[in-house]
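Participant: So the chains spell out like this:
There are 4 protein chains.
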Amino acid sequence: MEPVTAFVTNAPRGGVNKVRTEIEDDPGDLILKPVFTGICGTDRSIIAGSLSFPFNPPGSDYLVLGHEAICRVYDSQNSRYRVGDLVIPMVRRKGKCINCRMGRQDNCSDGDKREAGVTGKHGFMRELFPESSEYVVRVPDLGLEKVGVLTEPLKNVMKAFEVFDRISQRSYYPSDDYSMNGKNAWVIGTGSEGFLYSMMARERGFETYITNRHPIDENRLEILEKFGVNFMDYSKSPLESADNIDLLIDTSGDPSTVLRFASRLRHNGVLILFGTNEKAQSAPMSGSFIDHVVEKNISIVGSVDGAKMHYEQAISQLMKWHHSNGNSIESLITNIKTPENDNLFERRDVNNIKTVISWQ
Amino acid sequence: MEPVTAFVTNAPRGGVNKVRTEIEDDPGDLILKPVFTGICGTDRSIIAGSLSFPFNPPGSDYLVLGHEAICRVYDSQNSRYRVGDLVIPMVRRKGKCINCRMGRQDNCSDGDKREAGVTGKHGFMRELFPESSEYVVRVPDLGLEKVGVLTEPLKNVMKAFEVFDRISQRSYYPSDDYSMNGKNAWVIGTGSEGFLYSMMARERGFETYITNRHPIDENRLEILEKFGVNFMDYSKSPLESADNIDLLIDTSGDPSTVLRFASRLRHNGVLILFGTNEKAQSAPMSGSFIDHVVEKNISIVGSVDGAKMHYEQAISQLMKWHHSNGNSIESLITNIKTPENDNLFERRDVNNIKTVISWQ
Amino acid sequence: MEPVTAFVTNAPRGGVNKVRTEIEDDPGDLILKPVFTGICGTDRSIIAGSLSFPFNPPGSDYLVLGHEAICRVYDSQNSRYRVGDLVIPMVRRKGKCINCRMGRQDNCSDGDKREAGVTGKHGFMRELFPESSEYVVRVPDLGLEKVGVLTEPLKNVMKAFEVFDRISQRSYYPSDDYSMNGKNAWVIGTGSEGFLYSMMARERGFETYITNRHPIDENRLEILEKFGVNFMDYSKSPLESADNIDLLIDTSGDPSTVLRFASRLRHNGVLILFGTNEKAQSAPMSGSFIDHVVEKNISIVGSVDGAKMHYEQAISQLMKWHHSNGNSIESLITNIKTPENDNLFERRDVNNIKTVISWQ
Amino acid sequence: MEPVTAFVTNAPRGGVNKVRTEIEDDPGDLILKPVFTGICGTDRSIIAGSLSFPFNPPGSDYLVLGHEAICRVYDSQNSRYRVGDLVIPMVRRKGKCINCRMGRQDNCSDGDKREAGVTGKHGFMRELFPESSEYVVRVPDLGLEKVGVLTEPLKNVMKAFEVFDRISQRSYYPSDDYSMNGKNAWVIGTGSEGFLYSMMARERGFETYITNRHPIDENRLEILEKFGVNFMDYSKSPLESADNIDLLIDTSGDPSTVLRFASRLRHNGVLILFGTNEKAQSAPMSGSFIDHVVEKNISIVGSVDGAKMHYEQAISQLMKWHHSNGNSIESLITNIKTPENDNLFERRDVNNIKTVISWQ
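Chains as they are written, first to last, in my numbering: chain A, 60 to 419; chain B, 60 to 419; chain C, 60 to 419; chain D, 60 to 419.
In short, the hints are calculated from the structure, not lab data. It is possible that some hints are incorrect.
One copy or two, either will do: identical chains are not told apart, so a pair holds if it fits within one copy or between any two.
Using 25 Å as the maximum straight-line C-alpha spacing, the simulated SDA-like pairs for lysine to any residue come out as follows [said to hold, decoys possible]:
hint: 1; residue 1: K295; residue 2: G73
hint: 2; residue 1: K355; residue 2: P71
hint: 3; residue 1: K338; residue 2: P189
hint: 4; residue 1: K285; residue 2: S315
hint: 5; residue 1: K338; residue 2: D224
hint: 6; residue 1: K338; residue 2: E299
hint: 7; residue 1: K379; residue 2: P199
hint: 8; residue 1: K205; residue 2: S383
hint: 9; residue 1: K355; residue 2: F114
hint: 10; residue 1: K379; residue 2: L391
hint: 11; residue 1: K285; residue 2: N384
hint: 12; residue 1: K338; residue 2: G143
hint: 13; residue 1: K295; residue 2: V78
hint: 14; residue 1: K285; residue 2: S341
hint: 15; residue 1: K379; residue 2: S345
hint: 16; residue 1: K355; residue 2: N336
hint: 17; residue 1: K379; residue 2: D200
hint: 18; residue 1: K295; residue 2: L145
hint: 19; residue 1: K92; residue 2: N410
hint: 20; residue 1: K355; residue 2: V78
hint: 21; residue 1: K285; residue 2: D144
hint: 22; residue 1: K295; residue 2: G87
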């Protein structure tokens with residue numbers, strides 16, 4: 060391929076550079092051109108060099124960043140895709156384990172999968188890149204260019220709810236009318252994943268609360284209100300109000316907060332762990348916490364990434380939200396930059412939700 | 060009913076007395092006479108007054124002890140049961156929630172179930188007691204009087220494996236030949252529940268290890284060997300040998316031990332929490348432990364009690380073990396006492412496995 | 060209640076009358092006023108007296124027709140509902156079996172449920188009726204009055220796909236990329252249920268075909284095209300083109316057609332039986348058909364009605380379709396009548412899809 | 060390999076010859092020597108040339124018969140197996156589809172698996188044969204040589220009950236006490252598979268009936284009685300007695316019989332199709348039969364073969380029955396022949412259950 064502009068790091072050491080270079084990459088039957096790429100906490104942590112697991116592709120001394128993207132097909136050698144088609148490239152690439160071979164690299168059994176922009180595979184923050192059609196998901200061309208960039212974060216939510224569906228069936232979980240009326244979901248963390256999890260919990264019929272240890276601005280409160288989600292600043296409110304939790308979702312990775320809320324799970328309650336923060340301070344887990352988990356048949360499940368089906372579900376859900384809640388879903392994208400902007404990867408201010416780069 | 064000999068406590072204060080008295084109880088279509096009743100850690104803790112949750116039946120100032128029993132029908136007003144039939148009475152009695160109403164009081168949604176010998180319902184350590192046929196499970200009369208008393212503890216194991224079956228299907232869990240060959244199960248704790256869990260894990264095809272922080276005697280090692288279960292004293296062996304755990308079962312309730320072993324779970328691994336110890340010392344849960352649970356799609360599930368189907372499965376399993384492993388299963392019952400013995404409820408010595416009272 | 064205009068029959072004898080009368084009914088905490096009520100084949104068959112199972116409410120010599128409706132709250136004694144709220148009333152009412160008690164009267168274990176407008180409970184084709192909030196589902200007030208009347212037929216589809224999800228997991232069902240790409244769904248019958256099933260199969264990612272033994276008009280073809288569904292007139296096309304079916308859904312109830320297509324199911328294929336036609340001609344089932352079902356691990360499942368959760372999913376799906384496919388979903392409603400129109404219940408012409416009555 | 064005595068056919072033409080020859084076969088890390096091989100209806104049909112699907116291994120003009128065997132390891136190049144170990148060789152060999160690759164060749168997605176003694180792979184009716192340890196299942200050496208030959212037919216039953224477990228969970232299936240008390244299972248056909256299915260249904264707690272259109276002899280009645288299974292000659296008894304079926308299992312493959320009993324399935328009932336008979340006469344399937352399946356949420360599922368886990372479960376179950384029901388399970392083997400006997404494959408007389416060949 061010819062030289063392209065790209066944002067690269069040197070994993071796991073960190074740093075970020077905008078370069079213009081020829082990039083050696085796996086071949087593919089498609090060439091994709093990003094419309095938007097999203098920036099998330101993982102990107103910032105890679106740049107900060109605070110994660111241990113990212114690594115450059117074999118034989119490369121750099122890694123192209125970016126794992127959230129919506130693209131148009133720029134060139135195609137596959138009759139099912141035409142130039143101009145709108146697609147989402149997937150993050151994870153199959154290893155050799157049985158889960159990978161069945162398309163469930165999100166459940167990789169041995170850790171040998173690859174992740175674009177993170178572990179051993181160049182990411183999407185570049186003008187053009189080759190891609191295999193095996194790893195792209197089609198987006199209907201109905202004005203979703205902007206919200207479509209949320210497909211990648213939302214597919215994590217879809218996979219987590221797949222896990223929830225399976226786990227929660229270990230007993231009879233819903234209300235007596237086989238709905239979630241009267242069931243309470245709490246989501247810890249008010250970043251973009253926290254927002255998406257809370258919106259989806261509400262969509263599933265839960266009375267839904269999102270919480271953090273600081274207030275959030277009017278803009279965010281308004282979005283939550285449009286989606287029927289309640290907010291609680293738990294540094295202010297006594298935690299007693301967070302009683303009777305049936306579904307708890309953590310996007311913070313903070314042990315102390317997780318344990319505080321988890322001790323309020325009801326019988327047959329489910330805790331989904333999604334957020335990670337290796338550097339977070341430890342918190343004491345007590346014998347009575349274990350007792351609580353045992354006696355109430357509580358389930359605590361880690362969930363990471365998602366499969367192709369979850370990307371498809373995410374696109375479908377975004378299409379619904381795009382129309383049905385005014386332009387609330389668009390409001391999650393609080394910041395649109397271009398590759399020419401400086402300080403693209405600076406820590407978002409606390410009231411920012413999602414920053415994206417426009418490549419058009 | 061006429062006066063009977065019974066072992067009673069005053070819950071939750073504790074203590075134990077052998078009394079001879081008329082006992083007011085719920086009516087039933089059967090009168091049962093215990094053949095054997097088992098003594099377990101819960102009984103000893105109730106007597107010690109170290110548990111907060113036990114309570115006397117409404118209107119009673121005492122609680123008959125005992126939730127593990129095998130009985131013969133002494134009198135029957137139900138045509139399906141004849142005098143002399145061998146049966147197991149169930150521990151939990153239905154409350155009003157939907158799980159209880161479907162016979163899943165082991166998954167009670169609101170905590171309103173009752174437990175014979177523990178919470179608000181007289182137990183089985185008495186010469187005779189009325190029972191409803193709804194709560195008894197039949198035992199084929201094939202020489203199982205003695206091992207049959209293990210039905211109650213084993214039904215917990217059967218329920219836990221039902222939970223395991225459901226939870227583990229969130230991804231592809233078995234080996235590539237759809238067996239558990241090459242999968243490792245570790246069981247923490249060498250009490251009778253630990254033994255039963257490890258024997259069942261082996262039965263399921265796992266390479267199975269049982270572990271504790273002290274050595275165990277020859278008798279116990281021999282039983283384990285007959286069942287193909289390995290023992291490790293983890294106070295001696297470096298924990299590195301406990302690598303690559305696919306299924307971890309805890310019967311200790313000790314946070315520090317649980318976290319140490321849980322950090323060695325493989326991708327898609329499952330931790331079943333069964334043991335409880337409210338007074339155990341807290342242990343620090345770190346951010347990297349949460350990261351481990353998330354990135355590897357690990358599931359941690361509490362499991363308590365079991366349903367009628369699990370009692371039936373336990374009886375069937377005991378019948379198999381009774382014959383197929385010499386008299387190894389009988390060897391789990393290390394101590395047979397009579398109601399006349401003193402110090403029945405004294406803390407078992409460390410190499411005792413299961414003490415039972417013979418009522419014949 | 061005061062006299063209201065209503066469409067009534069005398070079940071199971073049949074006939075239909077518009078009456079103005081006081082109707083004795085179960086009390087409820089809400090009074091509902093229909094916006095639209097749908098007319099379906101069941102209604103026409105009840106009127107024709109060709110079904111054996113409909114019956115009048117106990118003590119009544121007539122039955123108010125109608126089980127598809129979208130209503131506004133006219134009066135409320137329940138603080139969760141306000142006058143003017145948009146709601147869907149459910150068809151089935153709980154009996155005493157365990158499935159009913161858990162809100163799954165769609166899976167009633169003993170046939171003792173009631174169905175509004177069909178079996179023993181007055182239906183919705185009347186100006187006003189009392190309703191219990193237990194049996195209503197809320198609709199967001201976003202312009203769904205018209206398509207909302209499709210909630211009732213679509214909830215059947217949602218339940219059927221719940222069944223499909225569970226059944227299909229008896230083996231590994233999807234394509235190797237864990238999507239339905241390359242999987243074929245065929246839907247027999249081009250009535251409104253056939254349309255909704257085919258649209259949902261496409262939504263799930265199947266290459267989808269709808270089929271009938273006669274051509275359909277331009278209007279219908281256009282709707283199908285907008286939803287990406289293919290049509291085949293199987294009286295014209297050789298059946299060979301219907302090869303390699305992974306999911307077959309029948310809305311016709313015709314044994315001969317069902318068996319013809321079912322013999323083309325692939326390994327692990329699923330046949331959902333939804334349509335019924337008691338009077339349809341029998342068709343010969345051969346030994347080699349049974350052989351085909353056995354050797355290929357094929358599943359054939361009846362599915363009827365749906366639970367509250369399926370109504371909620373249907374509403375959500377209608378909201379998505381309402382916006383994302385132009386006004387295609389609206390086009391399914393081909394005929395809007397008023398209670399004043401004559402011949403409301405006449406057999407729809409072959410190119411009609413759904414007739415509704417506007418009560419405003 | 061050196062010349063061995065073997066029973067061969069020429070598939071699909073049929074016939075049977077005892078030959079002594081060198082057999083070209085896939086290599087393996089084990090050499091196995093049969094202890095017993097079972098003869099079943101499939102073997103007889105292959106010999107009769109009445110099946111269309113059997114075929115010789117590629118490049119071979121004959122096929123060694125036999126797919127039911129219990130063997131001892133005769134030579135081993137695998138450290139996990141020692142000479143003399145008791146093992147069961149599996150029937151099906153992996154093809155390339157995803158189900159095969161995960162060890163579920165019983166659920167093969169494309170028909171490309173191989174079956175020893177049936178389709179393209181030499182079977183077990185020979186003195187010695189090479190085998191891959193991937194396809195053998197270990198049997199504890201506890202006197203199971205004879206009943207162990209039932210592992211292969213019983214593994215089919217175990218897989219069918221796995222399917223049942225999954226399918227039946229589409230609604231709440233058990234009785235209100237979460238047991239199968241009060242649930243009725245009917246098994247059509249009194250061959251060895253019929254016996255094994257009925258014994259397993261009883262083991263699962265069903266009130267169980269086995270049925271055929273002719274009487275059975277005292278010997279068979281006695282075996283059934285020991286296992287608590289009822290017999291009905293449906294040519295004599297009015298079918299009304301077969302009311303309220305919750306689980307129906309067919310081992311006959313006869314459409315007329317299947318439809319007669321299936322029309323008596325209760326709500327949420329399950330029909331497992333296992334038997335096949337391509338030549339059986341067709342029977343009329345009516346519109347009201349489809350109506351019955353739909354309105355009662357009935358499931359009809361084909362089930363064939365089983366995975367390694369089902370072989371393991373079968374061995375475990377045989378161990379239990381071996382001891383717990385006197386020698387009833389041994390009584391299923393009504394006929395022990397040697398390779399020297401004439402007319403080994405003659406149609407069993409109607410009261411024979413299972414014929415085996417002893418190779419010792």
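Participant: For each hint, tell me whether it holds in the structure or not.
Facilitator: Status of each hint after checking the structure:
1. For the identical chains of this complex, K295 and G73 are neighbours neither inside a copy (37 Å) nor across copies (41 Å), given an alpha-carbon limit of 25 Å.
2. For the homomeric pair K355 and P71, the shortest alpha-carbon distance between copies (20 Å) is at most 25 Å, but the shortest distance inside one copy (42 Å) is not.
3. In the homo-oligomer, the alpha carbons of K338 and P189 never lie at most 25 Å apart, since the shortest distance is 35 Å inside one protomer and 56 Å across protomers.
4. In this assembly of identical chains, K285 and S315 lie within 25 Å of each other by CA distance neither inside one copy nor across copies; the values are 30 Å within and 44 Å between.
5. Taking CA atoms no more than 25 Å apart as the test, K338 paired with D224 passes in neither setting, with 31 Å inside one copy and 34 Å between copies.
6. Within a single copy, K338 and E299 get their C-alpha atoms only as close as 28 Å, which misses the 25 Å cut-off; across copies the closest is 24 Å, which meets it.
7. Proximity of K379 to P199 under the C-alpha cut-off of 25 Å is found in both arrangements, the shortest distances being 12 Å within a copy and 13 Å between copies.
8. In this assembly of identical chains, K205 and S383 lie within 25 Å of each other by CA distance both inside one copy and across copies; the values are 16 Å within and 16 Å between.
9. Taking the closest pair of Cα atoms, K355 and F114 come within 25 Å of each other only across two copies (18 Å); inside a single copy the shortest separation is 41 Å, beyond that limit.
10. Both within a single protomer and between protomers do K379 and L391 lie at most 25 Å apart by alpha-carbon distance, with minima of 15 Å and 19 Å respectively.
11. When the C-alpha separation of K285 and N384 is checked against a cutoff of 25 Å, the pair qualifies both within a copy, at 7 Å, and between copies, at 23 Å.
12. Taking the shortest Cα distances, K338 and G143 never come within 25 Å of each other, neither inside one copy (43 Å) nor across copies (52 Å).
13. Proximity of K295 to V78 under the C-alpha cut-off of 25 Å is found in neither arrangement, the shortest distances being 46 Å within a copy and 55 Å between copies.
14. Taking identical chains as interchangeable, the C-alpha atoms of K285 and S341 are never at most 25 Å apart, the minima being 36 Å within one chain and 42 Å between chains.
15. Taking CA atoms no more than 25 Å apart as the test, K379 paired with S345 passes in neither setting, with 43 Å inside one copy and 39 Å between copies.
16. In this homomeric assembly, K355 and N336 come within 25 Å of each other (Cα to Cα) only across copies, at 15 Å, whereas the closest approach inside a single copy is 28 Å.
17. In this assembly of identical chains, the alpha carbons of K379 and D200 lie at most 25 Å apart whether taken from the same copy (14 Å) or from different copies (15 Å).
18. Proximity of K295 and L145 under a CA criterion of 25 Å is satisfied in neither setting, with 45 Å inside one chain copy and 36 Å between copies.
19. In the homo-oligomer, the alpha carbons of K92 and N410 never lie at most 25 Å apart, since the shortest distance is 30 Å inside one protomer and 44 Å across protomers.
20. Proximity of K355 to V78 under the C-alpha cut-off of 25 Å is found in neither arrangement, the shortest distances being 55 Å within a copy and 34 Å between copies.
21. In this assembly of identical chains, K285 and D144 lie within 25 Å of each other by CA distance solely across copies; the values are 17 Å between and 32 Å within a copy.
22. With identical chains, the CA atoms of K295 and G87 are never at most 25 Å apart, being 53 Å at best within one copy and 41 Å at best between copies.
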